[in-house]
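These are the residues of each chain, in order.
4 protein chains.
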Amino acid sequence: MNPLRIGIVGARFAAGLHATNYRPLLGTKVTLAAVCARTRSDADTFAKRHEISRVFHDYRELVASPDVDCVDICATTAAHHEIAVAAARAGKHVIVEKPLTGYFGEGSEDRAKMLASALRHCDEVLEAVARAGVTLCYAEDFVYAPPVAKLRRLVDASGGGILELRAEESHSGSHAAYAGRWRTSGGGSLLRMGAHPVGAVLHLKHHEGRRRHGRPIRARSVLADVAQLTQLPAVADRPRAMRTEWEDVEDWAVTVITFEDGTKATVHANDVTLGGVRNTVTAFLTNGVVQANITPNTSVLAYAPDARAWGDEYLTEKVETRAGWQFPSPEEDWMRGYPQELEDFVDAIRDRRAPLSDADLAREVVEVVYAGYLSAASGRRVDLARS
Amino acid sequence: MNPLRIGIVGARFAAGLHATNYRPLLGTKVTLAAVCARTRSDADTFAKRHEISRVFHDYRELVASPDVDCVDICATTAAHHEIAVAAARAGKHVIVEKPLTGYFGEGSEDRAKMLASALRHCDEVLEAVARAGVTLCYAEDFVYAPPVAKLRRLVDASGGGILELRAEESHSGSHAAYAGRWRTSGGGSLLRMGAHPVGAVLHLKHHEGRRRHGRPIRARSVLADVAQLTQLPAVADRPRAMRTEWEDVEDWAVTVITFEDGTKATVHANDVTLGGVRNTVTAFLTNGVVQANITPNTSVLAYAPDARAWGDEYLTEKVETRAGWQFPSPEEDWMRGYPQELEDFVDAIRDRRAPLSDADLAREVVEVVYAGYLSAASGRRVDLARS
Amino acid sequence: MNPLRIGIVGARFAAGLHATNYRPLLGTKVTLAAVCARTRSDADTFAKRHEISRVFHDYRELVASPDVDCVDICATTAAHHEIAVAAARAGKHVIVEKPLTGYFGEGSEDRAKMLASALRHCDEVLEAVARAGVTLCYAEDFVYAPPVAKLRRLVDASGGGILELRAEESHSGSHAAYAGRWRTSGGGSLLRMGAHPVGAVLHLKHHEGRRRHGRPIRARSVLADVAQLTQLPAVADRPRAMRTEWEDVEDWAVTVITFEDGTKATVHANDVTLGGVRNTVTAFLTNGVVQANITPNTSVLAYAPDARAWGDEYLTEKVETRAGWQFPSPEEDWMRGYPQELEDFVDAIRDRRAPLSDADLAREVVEVVYAGYLSAASGRRVDLARS
Amino acid sequence: MNPLRIGIVGARFAAGLHATNYRPLLGTKVTLAAVCARTRSDADTFAKRHEISRVFHDYRELVASPDVDCVDICATTAAHHEIAVAAARAGKHVIVEKPLTGYFGEGSEDRAKMLASALRHCDEVLEAVARAGVTLCYAEDFVYAPPVAKLRRLVDASGGGILELRAEESHSGSHAAYAGRWRTSGGGSLLRMGAHPVGAVLHLKHHEGRRRHGRPIRARSVLADVAQLTQLPAVADRPRAMRTEWEDVEDWAVTVITFEDGTKATVHANDVTLGGVRNTVTAFLTNGVVQANITPNTSVLAYAPDARAWGDEYLTEKVETRAGWQFPSPEEDWMRGYPQELEDFVDAIRDRRAPLSDADLAREVVEVVYAGYLSAASGRRVDLARS
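Residue numbers (this note's numbering), protein chains in the order written: chain A, 11 to 397; chain B, 11 to 397; chain C, 11 to 397; chain D, 11 to 397.
Hints in this document: simulated from the structure, not taken from any laboratory. Heads up, a few of these hints could be off.
Simulated crosslink set (PhoX-like; lysine-lysine; CA at most 25 Å straight-line) [stated by the list, open to error]:
| no. | chain 1 | residue 1 | chain 2 | residue 2 |
| --- | --- | --- | --- | --- |
| 1 | B | Lys58 | D | Lys39 |
| 2 | B | Lys39 | B | Lys58 |
| 3 | D | Lys58 | B | Lys39 |
| 4 | D | Lys39 | B | Lys39 |
| 5 | D | Lys58 | D | Lys39 |
| 6 | A | Lys39 | C | Lys39 |
| 7 | C | Lys58 | C | Lys39 |
| 8 | A | Lys39 | C | Lys58 |
| 9 | A | Lys58 | C | Lys58 |
| 10 | A | Lys39 | A | Lys58 |
With the C-beta cut set under 8 Å, the calculated list includes, among others, these residues of chain B facing chain D [as the list claims (entries may be wrong)]:
| no. | residue |
| --- | --- |
| 11 | Thr30 |
| 12 | Pro34 |
| 13 | Leu161 |
| 14 | Val299 |
| 15 | Ala302 |
By construction, the Cβ of each residue, glycine as well, lies at the ideal position given by its N, Cα and C atoms.
Produce the complete structure using the sequences and hints provided.
What follows is the structure, encoded as structure tokens:
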């Protein structure tokens, strides 16, 4: 079988992460066929580093290229749905970074309208994909992270029911300027960080339902709270070690999800947590407990009196100091599930099956997150439209 | 100075815990002067074990006894407020187990009425105490648990602001029959278990406010969700290793508290968590993070292939098996703060000052818990009455 | 470049582990060309499972086969050196499971003679390899295990000196019958288990020396103690949950290594440790500490009251019960470094360079282990022959 | 019964630790009757802080004082045995800080002579105590540390045999000048730090023997290695974050003890370990494993980007930086067993029974440590004289 020819849209952080993690598949299953970036130098540098022969500066050209079988969308979130629709219409398979899409306007907009707009974007993508008969792969790496995959296998083996899930992604704040504005980021911590743990808990209940009843157990209602904690007058005069420049987006969120079967999930996502990124998922079963600690975990511990001791060696995402005890991730891409994710995507496309992290999950993450915004703004539980 | 003469109402678990933890104070600061229990044999056995000379069978007699300076209420929760009012009116200092009081009727009652009733009970106690000029000591041991005390000192030292607190008390379910009925227990997990972590987070913000501004930072609103997870049809046919006999009370709760300064707390309390009790408090500061793990922690680890290997030696509260790896508590009363709590109470009464765990905390815990019930039932954020 | 054609000698556990972990390399870098096992059915089953076209029953035929470029020796330890010599003489590259070789006779033999015999075996292999100009790859996976690899990178980055290393492989005892007899196993815990942690610490000092001075820092002397703890009369009447059937080999060992630069390593290796395998390496540096926990670590935690809850899902090597808290390994082969090891071997052979785990290491592990036996038997520190 | 009247010899760190930890016993069981220090101002300051009425400047006067029932020796180690003998001869009970005594001369002295000299000192004390019929209390707090006490109770409950013990006390080096010279300190890491973990493992086997056979299981032979790792030329040019000023004493030691029943203990003690003090004891049983982590453990975790964040609040002994993740001890004196130790001593003296940490232990610690020095110097296993 011929390798799948990937065209990557974007040449920044996420694109580099994908290109790097395609490597084990190169030569056999995958060819990096094209890259597209508006900034000419970015595209050229990227193409050179990853040995990509075709370079585009308009995603429409990449999408139209006969040398591309699958469009891997690593562009800014606001552009996801437009590119995805175009790719699908051109008959190309679609890989899209999290979140699938959202609402990209002023943070002062009514949350019900945000939710409607974000879901409309989702549905446009899903319809285009369905019509074209192509595969949509939703790049939620938590689904593939080995600790979460082990958790899933243990839950499957247990025969127990999931009563509650808890999950989190938090750290001390993205340094990207666009992350501070709703117009460019589609929201704050709940969307940008929360898409990961929300994706993980929705996936695990989808999976449980499919195994047991042949159809996913979906979220039924959402109760959430969000805040701009770093902007509170009470802390304005205190030493603050996290990012504090947020325009109209929240830096803290908690979401309580009730599933169709009445079980629960609690998800934390914030940009105010010091000490390194927390990527965790815990399942409380009727007959057991399983905790997946993507990071931090104790596979490696390191201590140095001097913050400079470890030189350029990477520890883990977002530690504000490298002194004292630290929990370095032995191989962060692997521990987070990137190579596993891309392999499943490529196999799914070749086998014409849905990937483990699929279109249903992509849409439901957007739904839960924006229902969360609506809940937080209204102070009410939000019931999700379910037929 | 003469020892404080304690009269204990109750002769069951909590009473025994108190009697045991008064021991370091006996002879110098404290005399166990009297015990009261309706069941004659219970009272006699207890008096004998703890060398208590006076035995009563009606709390009114103990309260009236001239040999008692301080009434330590370890009776059932439903009787707390009546005994406390009587003790205060008799001019006796009052120590009362958590929670101070609550609503004790049918679980089907309207939550707003529950909240009003519970607060009325609180206010009766607080008014009686104030009028009599006696001291009310609220027996919330989390306030005194050494890991939490260390957390408090570290937070004080840091000069940082508390952005979010997370706390939990969960295990696999009290075995007491009364715990399953609202009429006798005043609620489910949120009241019975949640009073501890709710007490801890309210205390820490009260403390922060007093240090900084001379007055407590109080809870302003509550968002909560509760459920009877073990009763869901979806899990009825699964192996369930936790208690499942709950009448009209919840076995799972999560509470999100917003404080007057806009900062947050998330509190979990449930009876569906396997693997031993979780008693934890974490503070996310503007310039640091502190985690207090009362249990589990790694001060002792033990492993046995055979569940019977450890014989009668205590491990920790509520482990369903004693096989495999376990996290035994080296000295659970101490680690939970019981001796420290009672010493502070006795000192506070002698010094005519408020104890660290005081009447304000006792009332606010009840307020937050029942506001939580109202929030969960209505699906709305509940604003607390603040003048 | 043509794929490297691997011929595997052996069709049992280690062979299966290798065959499985070659998979990511199949098609591009590697072909599984042949397998050899004396038992016809074993060979056939293995060949079928791993899609291997050529099957041999005498290693000499595999070694002579023109379809094989590299002989991967997964046979019993006692046969290693003979096969390795034959393979090298046939001009084939050699991959050999740990330990490279040893002394295979009665456990009552004089330890100095054992050491001499084992080193002679080593030297025969090394000379045959050198003469043939082929590559010897020593399959010590600890060298490649991601936590150890991260430790190595952190140590490199630190610029600090390694003062002491501690490492261990222990569990509750191999179930293989041959492991209990010196004649078949070449020794007990110190050789069979200890080869891993001894390999790790020697490698790390070799690596430090090569980076700093262009040549390895080698072991200079060995002080060791061994015992048959499970056979002591003092414990014969006690409940014993580990393997207790050992003929003439030890079930417990500790080794203290002094390196040429005066720094130290302490290595534990035993078959009496309950609770799951311990695979750990810690480096105490002049300016930091790094701990690598291959297993156990907290990337996944699981708890079940019932030992049968996890069904057939693998937890980790050698847990005597599956109840209680456990530390499952999320993907054990990866965490132990098997795929990384095989990839380095294949690349090293193609690039005509030494692999990270090389012939020098293979020999020095044997030297240190048997010097340890001599030390334990004589109660004296053993100085290693160094030119 | 009258309180025991304690006379403390010494007014520095250890004396303050004792005085502080007598507090729960003051008024009932204990009176601090006298203090003795050569430096007048030290004695006066100490007496004032701890409300001690009698002050001496010559220990002979304190020992002779009719107001003193028990002499608590917190003087420098070199003076222990002389004071202890004098106290016993004066009919006073004796509490002595660890180690009981040692050899105090040049580090170049022959190790066999050191051992003989140290044992002679021990025997003088033990004979004086026996002749006077007073009680000797050996202040080894590890015996009383709650995690170790819990370990002991779990081992007792298990009915399993102890196969191996591992224990350690290590940190980055005492700052006291006297600790660097044999003449004043009696040795290096092995004596000064190692007395604790050696004491713990000897105690646990003594205890096991007494429970099972009515007499202690004692150490039979010792194999040890020591080094001055910080002085090695190989690390002289590297960044070194630990103390490096050692004259004639070692900064690193490992000791392997074989007990009379053939079981083993491995003890690490060094002054080269960064990241906070390690005080740990692990028991590997025939039917289980128990780990006692006095420090570090996870009862409290704290993280700060800025090393100054925690102000003056104590974290734990010997952390070189206060930045990054830390493992603060919630109440270090309690966790290390000081108040428990002193209470047992006072009770033992009153009840005319041996304390848990007794004269036998005190002597055997000295024997094992100096046998360790002999072993390290000779490169041979040292058999202990046993009748």
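Hint check:
| no. | hint | result |
| --- | --- | --- |
| 1 | B:Lys58 <-> D:Lys39 | holds (24 Å) |
| 2 | B:Lys39 <-> B:Lys58 | holds (21 Å) |
| 3 | D:Lys58 <-> B:Lys39 | holds (24 Å) |
| 4 | D:Lys39 <-> B:Lys39 | holds (14 Å) |
| 5 | D:Lys58 <-> D:Lys39 | holds (21 Å) |
| 6 | A:Lys39 <-> C:Lys39 | holds (14 Å) |
| 7 | C:Lys58 <-> C:Lys39 | holds (21 Å) |
| 8 | A:Lys39 <-> C:Lys58 | holds (24 Å) |
| 9 | A:Lys58 <-> C:Lys58 | violated (42 Å) |
| 10 | A:Lys39 <-> A:Lys58 | holds (21 Å) |
| 11 | Thr30 | violated (15 Å) |
| 12 | Pro34 | holds (6 Å) |
| 13 | Leu161 | holds (7 Å) |
| 14 | Val299 | holds (4 Å) |
| 15 | Ala302 | holds (6 Å) |
Hints 9 and 11, counting from the list given before, are not met by this structure.
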